[in-house]
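Undergrad: What follows is each chain in one-letter form.
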Amino acid sequence: MSVRRKIVSSPHDARGVGTSAAASEAVRGGDFLFVSGLTATDPQSGMRMPGTTASETRQILSNLKQLLKRAGSSFDKIVKVNVLLHSMLEAPNMNEVHVQFFPDPPPARTVCGARLPDGMKVMIECTALA
Amino acid sequence: MSEGLVRTAIAPKNPLLNASRVGNLPHVPGIRVGEYIFLSGMVPVDTQTGERSLGPIAEQVRITLSNMQHTLESAGSSLERVVRVHVVLADIANLTEMDRIYREFFRVDPPARMVWSMQLRFGNGCEIECVALAA
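Going line by line, the protein sequences match chains A and B. For the first sequence, the positions run 6 to 135 when my numbering is used. For the second sequence, the positions run 753 to 887 when my numbering is used.
No lab work stands behind these hints, which were simulated from the structure alone. Hints may contain errors.
Stated by the list, open to error - Capping the alpha-carbon separation at 20 Å, the derived lysine to aspartate or glutamate pairs in EDC-like fashion look like this:
#	chain 1	residue 1	chain 2	residue 2
1	A	Lys-85	B	Glu-787
2	A	Lys-74	A	Asp-47
3	A	Lys-11	B	Glu-787
4	A	Lys-85	B	Glu-881
Let's have the full structure, built from the sequences with the hints guiding it.
TA: Here you go:
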């Protein structure tokens, strides 16, 4: 078994209460950190925070920032972000928040419209340098 | 081009599970590069017939993950080395049922994962891809 694979976990799982234990919050593999798809949750209570596309995006990226910090990475080490939205018509609302979080140059990114679990409007995952 | 890094196509030992070749599609089952293996999206294919196997979602997920295991092991990797999984469902209502089967395959230290739903072709109920450490 490779010693290059390491699970990142914490008492404040960025995926919140009731999250499937079938996945890890993030996994380090080699030089990269793979972060699970995150939805908007309160980092203290772990409860989901359904809101607008903008508010969910802000909450997710704020939680992601803490997660990356715990894992020894950071926003400027992100190489690729995948964003799923409940409606592509909301992409500008997600973008407005997105630019506030990412350094210049920002990472590569894909945005898709998709059906998300539990009626959430936004889901974000990323791959970063560990 | 990074020096030393070589890009190699990998394939399942069971040729019937090589959906790329069987369907004459412009991709390969997987690529090994450096210490990683990147698999193409996999759908439920019967190991005996090579045909799509579109039973209940639990069965589709089990077949797909079992074939993923075979493909990884054919290339010297394994499910234990998977670091990130994408699960795409045709119907997000199947999330719980997918999860039930998924746990059978990733019992300890599971990989990072993102699950969502969007249109899939040919009536497939799920499509699953992953990134794994090669060894």
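Undergrad: Name the hints, by number, that the structure is in violation of.
TA: none
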